[in-house]
Amino acid sequence: MTVAAIETGSLGTDGTQNRTVAPSMVERMTLILDAFDAPSTRLTLEQVARTTHLPRSTAHRILDQLVRLQWLSHSSFGYALGARALNLGGTGGNHLELREATAAVLHELRLRTGMVAHLAILDGADVRYLDKVGGRFAAIVPSRVGGRAPAQCTALGKAMLAWLSAEQVEDRVMPTLVRQTSRTIRDPVTLHRELGRIRDRNGLAFERGECFSGISCVAAAIRGPEGPEAAISLVGDAHTALERVAPLVVVAARQVTQELYPMVRSHPAGTNHPQRTPSHRDATGPGTARRSTFDLAEARR
1 MTVAAIETGS
11 LGTDGTQNRT
21 VAPSMVERMT
31 LILDAFDAPS
41 TRLTLEQVAR
51 TTHLPRSTAH
61 RILDQLVRLQ
71 WLSHSSFGYA
81 LGARALNLGG
91 TGGNHLELRE
101 ATAAVLHELR
111 LRTGMVAHLA
121 ILDGADVRYL
131 DKVGGRFAAI
141 VPSRVGGRAP
151 AQCTALGKAM
161 LAWLSAEQVE
171 DRVMPTLVRQ
181 TSRTIRDPVT
191 LHRELGRIRD
201 RNGLAFERGE
211 CFSGISCVAA
221 AIRGPEGPEA
231 AISLVGDAHT
241 ALERVAPLVV
251 VAARQVTQEL
261 YPMVRSHPAG
271 TNHPQRTPSH
281 RDATGPGTAR
291 RSTFDLAEAR
301 R
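By UniProt numbering, the letter at position 299 of the sequence shown is numbered 299, and the numbering carries on one by one without gaps.
Simulated from the structure, these hints should not be mistaken for laboratory data. Source: prediction; values computed, not measured. Beta carbons: idealized from backbone N, C-alpha and C, even for Gly. Check the hints yourself; a few may be wrong.
[What the hints assert, rightly or not] The following label-pair restraints were derived from C-beta to C-beta distances: (1) 244 to 26: 46 to 52 Å; (2) 55 to 197: 53 to 59 Å; (3) 199 to 55: 52 to 58 Å; (4) 37 to 165: 37 to 43 Å; (5) 189 to 69: 14 to 20 Å; (6) 56 to 176: 47 to 53 Å; (7) 24 to 45: 17 to 23 Å.
Build out the structure end to end from the sequences listed, making use of the hints.
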């Protein structure tokens, strides 16, 4: 769908006057929303204006209105679908605050590494992807926002399962240890041993070809007062040196944890107990996010 310009006084071949009708406000808003063709799409003002063929000033005015009404959200990285649109599409749930808090670090992870960055939550025996920021491996990573994968065979899932009690892990995933590839963990003893190694690494989880053949991943959990709230990951191909980028993932997850849950400290699995206290981001209005400033020096400590 494109926008036709208003023409007055132009004549057709038969001598009659042609008039093209300017699109209504609803049509212009629809044009802009249609530009966001996936929940993970982020566009700048210039990209929206170019895609919709709307004047830049018109696009900016409508974007501001859509942000105010929470159809879109806005950060230093551009515009994205907001709470209303995500909830309507069934992919957002009640996780807009989490997506906004992680938007900057996901983009920074991608910029620093060129890899695909994911945000996901535990949903039953699965992980559900809340955000995906593409890098050079985006085309080969078969994940999508709103999509699912078995928790026990993803680094994202294992990073979160490691901070649950053994009983919680048994109840959540043991009845459905689905085989995805020849490398998928399907034995309960092996899974518990793997989760123990993740705890020994302070929550750092690896996955090499367990969910998708030829894909490797490193992840760390965002931990709330009652346990893991979500996890962040970097994804590459089978030849990616995950250990080299792993410290960045740890720092990113720690940063989001401290921002959302500043009283949460490192405890053994299943013993996160401090309650959340208000942080500076609670004063931030809807549709905004801050720029991440985590650095490689901190990651290498």
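key: Outcome for the supplied range 53 to 59 Å, where the beta carbon pair is residue 55 and residue 197   = 57 Å, holds
task = Using the beta carbons of residue 199 and residue 55, state whether their distance is inside 52 to 58 Å or not.
result = 56 Å, holds
ask   = Is the distance from the Cβ of residue 56 to the Cβ of residue 176 consistent with 47 to 53 Å?
value = With a Cβ separation near 51 Å, residue 56 and residue 176 satisfy 47 to 53 Å, so the hint holds.
ask   = Using the C-beta atoms of residue 189 and residue 69, is the stated range 14 to 20 Å upheld?
value = Given a distance of about 52 Å, which is not inside 14 to 20 Å, the answer is violated.
message = Quick check: does the Cβ-Cβ distance between residue 37 and residue 165 fall within 37 to 43 Å?
response = The hint (37 to 43 Å, Cβ to Cβ) holds, given that residue 37 and residue 165 are roughly 41 Å apart.
task = Indicate whether the distance between the beta carbons of residue 244 and residue 26 respects the range 46 to 52 Å.
result = Given a distance of about 50 Å, which is inside 46 to 52 Å, the answer is holds.
task = Please test the hint of 17 to 23 Å on the beta carbon pair from residue 24 and residue 45.
result = 21 Å, holds
Checked against the numbered hints listed earlier, the structure breaks hint 5 alone; every other hint is satisfied.
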